[in-house]
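Can you make the complete structure from the sequences, with help from the hints?
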Amino acid sequence: MAVKSRLDLKLSDRVDIVYHLFRDEKISFLIDKLDNRAVSGFQKFLWEKTVEFGIVCRGKNFDRKEVTRKMTPTPVFQLQQRCTQSVYNCKGTHCLHINPKCARKKIKEHIDVMAESIRGYIRSVKQRQLF
Amino acid sequence: MRIGEVAIISYKSREEEDFIRSICKKIDIKNDTLSFGRFEVNDQLALHLYGISVDNKNNSISWDLISRKTLGFIIIFDWEDKEILEATKPIIDYFSTNFNAPIIIVANIKDKKDPPIPDKFFQPDGIPLSPNSRFTFGQIDDQENARHVMILLVNMLIEKLS
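Protein sequences, first through last, are from chains A and B.
The first sequence runs 1 to 131 under this note's numbering.
The second sequence runs 1 to 162 under this note's numbering.
There may be inaccurate statements among the hints.
To be verified - To give an idea of the chain B side of the interface with chain A (calculated C-beta under 7 Å), a few residues:
no.	residue
1	I3
2	K89
3	I92
4	D93
5	Y94
6	I105
7	K113
8	I117
9	P118
10	S133
11	T136
12	N155
What the hints assert, rightly or not - Only part of the chain A face toward chain B is listed, based on derived beta-carbon distances under 7 Å:
no.	residue
13	K10
14	L11
15	S12
16	S124
17	V125
Worth flagging that the hints you see were computed from the coordinates, not collected in a lab.
Computed from a predicted model, the values in this text were never measured in an experiment.
Just so you know, even glycine gets a beta-carbon here, dropped at the ideal spot from N, CA and C.
In structure tokens form, the structure reads like this:
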């Protein structure tokens, strides 16, 4: 089964994310060493884990809006950055290649929100387990 | 009898031997580089478990020859040892980049009765990292935990075929 494959985010980086989350540690700094493609993969992977952990820990009570509502709305973020691009472009995927500094700033905020949600789920399960 | 081969890999720690001992009753061959155990599923199928402790000396291992027929890779690291995790990362990336077989990353914990993470995360399916890989916690010198890892690998192989 010797086949070359390439993930947008390396497997070891994915392990790193899981490792830090279970240790209740911040993870947004991890993107500093990554290229743009991997940053995009990081964001996607973390969102998948947010939903997955949310469902594992909260079951039917999980609502993805409880995570997204903590993120700065795109129009507000654009205003803060004095960005004149259309709202559609501000997804952290398109801008990542033309204005990486700004896109990474937005992505880091999203990562902090998602990671805090996951850490919160883990903490709540831990606390429930103690009683 | 058909034989399936599985590679159990760790960095310098010999945890792969504990894992093999948990699955097979004994280690049949053991030297500086390799340990080997055999588990007979029934009279038609046996699993050969090859334990490899990787360190800098092992750089010359011909993985492409060893791994050609491998059903899957189980990569173990000590959950409490960040340095080991760092050293294991290149191994993880090597196998995920060069081979198509399923990979299970096992975070080995010392005592499953006092786990560092909530029970809820000892999921039998592990945590998906990619379509071809899972992350799981386990006490690899515990027979039941090691078996769960092997069952997870078999399930991943079946999923891959279907």
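Practice task
Verify the interface restraint on S133(B): the C-beta must sit less than 7 Å from at least one C-beta of chain A.
Solution key: Hint on S133(B): holds, closest Cβ of chain A at ~6 Å, below 7 Å.
Practice task
Would you check whether V125(A) satisfies its interface hint, that is, whether its CB is within less than 7 Å of any CB in chain B?
Solution key: holds, 4 Å
Exercise for the section: Would you check whether T136(B) satisfies its interface hint, that is, whether its CB is within less than 7 Å of any CB in chain A? Expected result: violated, 10 Å
Problem - Hint check: 7 Å Cβ-Cβ cutoff, N155(B) to chain A - result: The hint is violated - N155(B) has no Cβ within 7 Å of chain A, the shortest such distance being about 17 Å.
Problem - Interface hint status, I117(B) versus chain A (Cβ within 7 Å) - result: The hint holds - I117(B) has a Cβ within 7 Å of chain A, the shortest such distance being about 5 Å.
Handout entry: Hint check: 7 Å Cβ-Cβ cutoff, S124(A) to chain B
Key = violated, 9 Å
Problem - K89(B) as an interface hint toward chain A, with CB separation required under 7 Å - result: With a minimum Cβ separation of about 4 Å from chain A (threshold 7 Å), the hint on K89(B) holds.
Problem - Hint validity - S12(A) Cβ closer than 7 Å to any chain B Cβ - result: Holds - the Cβ of S12(A) comes within 7 Å of chain B, reaching about 4 Å at its closest.
Handout entry: Agreement of hint L11(A) with chain B interface, Cβ distance less than 7 Å
Key = Cβ of L11(A) sits 4 Å from chain B, so the hint holds.
Exercise for the section: Grab the minimum C-beta distance from Y94(B) to chain A and call the hint holds if it beats 7 Å, violated otherwise. Expected result: Y94(B) check fails; min Cβ-Cβ to chain A is 10 Å, beyond 7 Å.
Handout entry: When the least beta-carbon distance from D93(B) to chain A is tested against 7 Å, hint result
Key = holds, 5 Å
Practice task
Under 7 Å, Cβ to Cβ, is where K113(B) needs to be relative to chain A, so tell me if that hint holds or is violated.
Solution key: Hint violated; K113(B) Cβ to chain A Cβ min 13 Å, cut 7 Å.
Checked against the numbered hints given earlier, the structure breaks hints 1, 5, 7, 11, 12 and 16 and satisfies all the rest.
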